[in-house]
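Colleague: Listed here are the chains, written in short residue letters.
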Amino acid sequence: MEEPKYYDIRHVAGISTHIDIDNSVVESAGSSFFDTAVIRVLGQKGWGVLTVDNFGEKSRAETDGFIQEALKFAAVTEEPVELADAPGGILPVPVMKEDPGDVSLGEKCELLLSIEAAARKPGIMNTRARYSESSGTVCFTDSGGNEYSYEMVRSGYSVVAVARKNGTMQMGRESEHTISGLNLRHKEVKGSLAAERAIKLLDALPAKGGRMNAVLDQELAGVFAHEAIGHASEGDLVKEGVSVIKDKIGEKIGDGCLTVVDDPTMPEFGFMPVDAEGVAVHRTEIIRSGVLVNYLHNRQTLAAVGNGVAGHARAVSGDVPLVRMSNTFIENGDSTMDEIIECCRDGILLKGSRGGQVDPGRGVFQFNAEYGYIIKNGELKEMVRDVSLSGDILSTLHNIVMCADDRKMTPGYCGKGGQSVPVTDGAPHVLLKDAVIGGQGV
Amino acid sequence: MSEAGEIAELSETIISAGLRVADEVEVYLAEGSSVSAELKRDIIGEAGASDAWALGIRTIKDGKIGISSTSNPRKWRQCLDAAVASTILATPQEWNGLPGPADLKRKMDVFDSEIEIDISVVCELISGMLEGAKEHTVDVAGGSAGLSTGRVTLANSSSLLYTREKTGVGISLETISGTSTGYEFDNSCFIKDVDPEEVGRQAAFLAAHSVGGTDIQSGAYDVILSPLSVSQLIGAVLLPALNGRNVKAGRSFFADKLGEKCMDEKFSLYDDPFSGPGSTTWDAEGVPTKRLDFVKNGVLECFSYDLKTACRYGEKSTGSAVRGGAGGSPSIGVHNLYIDGPRSDIADERALYTHSLIGAHTANAITGDFSVELSNASWMEGGSYGEPIRSGMLSGNVFEMVDNIGGMSHESRTIGSIILPSVRFNNLQIIGK
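These protein sequence lines are chains A and B, in that order.
Numbering of the first sequence is given in my numbering, commencing with residue 1 and proceeding in unit increments.
Numbering of the second sequence is given in my numbering, commencing with residue 443 and proceeding in unit increments.
Pulled out of the complex, with its shape left as it was, chain A reads as follows:
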């Protein structure tokens, strides 16, 4: 019988709960059950991978059988794999203020209904609120004798309001996701905020596209850190040659005011106590004062590429670990937001995010703000809607020339390779010179 060079097993089992409310009707509220393991085996060359449902019920003999079967798949691979040594270790999971598991689904429903009701203001045509909660146990073992297990509960909600006037519609959205326990109490203000924004947007003008100075708020600048810098620093992309910042370690790729960090140890939505390969997690500076200092790695990409630390492997239940971000942010600078608006002079303030996308090999990104304000003579003027930002990573990093001292973290989800993982992005307000702004206004 062939012995694997290495194997690991990551077994995730738990319960997911959802509530979906649409115009005060509880469309659906309930729980479902998941239980899957991924077995990865290194043969003579690359990885063999087997996905097995209901792994908790399997015997040791069955597990050995899975390892042998995975080896057969490994036999068709040709890529030689080396795994860098990386210290194991697990952090305690932060204690929750209120365990959502202790609160009945009925009570969560009532709380969500009150957030949704707060969005029902005159002029609002539709209100929608959703709650999701995932509570599970992750168990990791590998052929080196490492074993870790932890339990975590992630939960959060979103509320959307649609306003309508004279045949035009606009939407406002608020959401919050967390690992620190139930976050549904006393959140009616979020429903009101979503509604008020939707109503205000009805009178906002479409943004005028073109090149101009832009101030990015904390949420959007966080998305910038994630899309434009974080993805390109992922070791697998660097290894496969599809990152525009490959071979640039030690180079000054951004303005001196720019420091960008990925920190899975922060008790935010992207927190993980140990990575998906059993490696201890660390704060990793990607860019320090404008200089590219580290890539994010798993054990394989660290061995292949170097320049960084392992501990950035993540996986969803039933899928293989990939190099991923966790809590990614631009460090505070020493300016104030007012100074930044004043230095911008004429341009646009971009607020909130509807998401973004990057082609890290080409070095081009796009993302969309929920709304914005025109800046004229260093002062905020009228509100605008539907405003996007695109650019190429390498020139844009030099154009972030001021960072405020008001960093804020915003939780969300990030997709890569078909896997969606919880992350937090953050930043202070930043000034981006000569940005490419997309909008339909003329």
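Treat the hints with care, since some could be wrong.
[To be verified] Each pair of labels, with its calculated beta carbon distance range:
{"#": "1", "chain 1": "A", "residue 1": "434", "chain 2": "B", "residue 2": "845", "range": "28 to 36 Å"}
{"#": "2", "chain 1": "A", "residue 1": "144", "chain 2": "B", "residue 2": "858", "range": "39 to 47 Å"}
{"#": "3", "chain 1": "B", "residue 1": "784", "chain 2": "A", "residue 2": "6", "range": "57 to 65 Å"}
{"#": "4", "chain 1": "A", "residue 1": "113", "chain 2": "B", "residue 2": "536", "range": "19 to 27 Å"}
[Unchecked claim] Residues on chain A that point at chain B, a partial pick, calculated with CB under 10 Å:
{"#": "5", "residue": "21"}
{"#": "6", "residue": "28"}
{"#": "7", "residue": "51"}
{"#": "8", "residue": "73"}
{"#": "9", "residue": "75"}
{"#": "10", "residue": "76"}
{"#": "11", "residue": "282"}
{"#": "12", "residue": "361"}
{"#": "13", "residue": "409"}
[Stated by the list, open to error] Covered stretches of chain A, as calculated for chain B (at least 3 residues, CB under 8 Å):
{"#": "14", "stretch": "100-110"}
{"#": "15", "stretch": "204-210"}
Bear in mind the hints are in silico, worked out from the structure with no lab data behind them.
Glycine included, C-beta positions come from ideal geometry on N, C-alpha and C.
Start from chain A and add chain B according to the hints.
Modeller: For chain B alone, kept in the frame of chain A given last:
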């Protein structure tokens, strides 16, 4: 996979247990196995297999619908209990019952008996793509190939029991030349319908052709969107607006426009559940499917409904329920969406062509406004590719665009469950240098 008899027996057990506490019970079972391999640059770095089993249960009591799912066949009772508990919180609604069996004679072709779930076949698909990619001087950055087979079973307390077997093959290749990238893919139920060499050739062409792109001045241009680009915008904006639930909830642009001409007369949009990769004679709730003409020559003719939305608002289900897997609630979707209209040589006159869009999902689904980055953009004239374009942002409004179509190409392509041509739009706004 399990024997068909075992599945029928398990469904019956769950239904009879459920009927003791609920008025109606529905069981949705999905089983499948797949093999796949991943390229790391131009060599296979990972290969594997997956077996999946999932059970979704819905119970209905006094017009309240509950749902749960599990991946464990032995835990069906826990799943049933959770579904019943879930009915308690749901708001009661008008409900006319789950459908009984219908005489569905038509046979749908979504199963390829030639497909063997064998890793060596996957490796051949990958070799084919790599061979095709050699036609251009680029580096292969990654790619994948996979084969799958699966069976879904739907049973309910109105004596309905349907099963469908389906196979799938999927391939993709990613290439790069300097900082010029290319990506191409194909999916089908039938292995003979995918052409790995052509996918490889096309992925390599995209990266090779985009090298040395030139800047474009901001302004209004005639733009040809590839089938992929059109599907990205349609999926983000047009499909949600045709969904009956969004229409009735007051968040669809089309809500009060039924029977009106709200698109170009050269634009038609329909769901044909009998032709294409999503073909089926019954939807995810067991309602017989039918062709739906959403838009005929520019006139808005219908919206799509599942049972729940239809009953609540006094409409009829259009057989449009779909599920992401057994774990998900049924929701309103499409089976095979076709975009059609008069075809012509749309690339004869000079236009900007874009193969893909970056950030199409950030389009505003309520208003249709978007501004996205071009990907693999190029000038096109006389039916051929011209100079590549380095970068540019395309801004517009999807609802306005479909009201002013410049033309549709002769050939169509399947992207997921959408079958569509390239579409020419005149006078769209580009933000460049």
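Colleague: Look at each hint and say if it fits the structure.
Modeller: Right, here's what the structure says about each hint:
no. : hint                         : in the structure
1   : A:434 with B:845: 28 to 36 Å : holds, 35 Å
2   : A:144 with B:858: 39 to 47 Å : holds, 42 Å
3   : B:784 with A:6: 57 to 65 Å   : holds, 60 Å
4   : A:113 with B:536: 19 to 27 Å : holds, 21 Å
5   : 21                           : holds, 9 Å
6   : 28                           : holds, 6 Å
7   : 51                           : holds, 4 Å
8   : 73                           : holds, 4 Å
9   : 75                           : holds, 8 Å
10  : 76                           : holds, 5 Å
11  : 282                          : violated, 25 Å
12  : 361                          : holds, 4 Å
13  : 409                          : violated, 21 Å
14  : 100-110                      : holds (count 3)
15  : 204-210                      : holds (count 3)
Consistency note: the structure conflicts with the earlier hints numbered 11 and 13.
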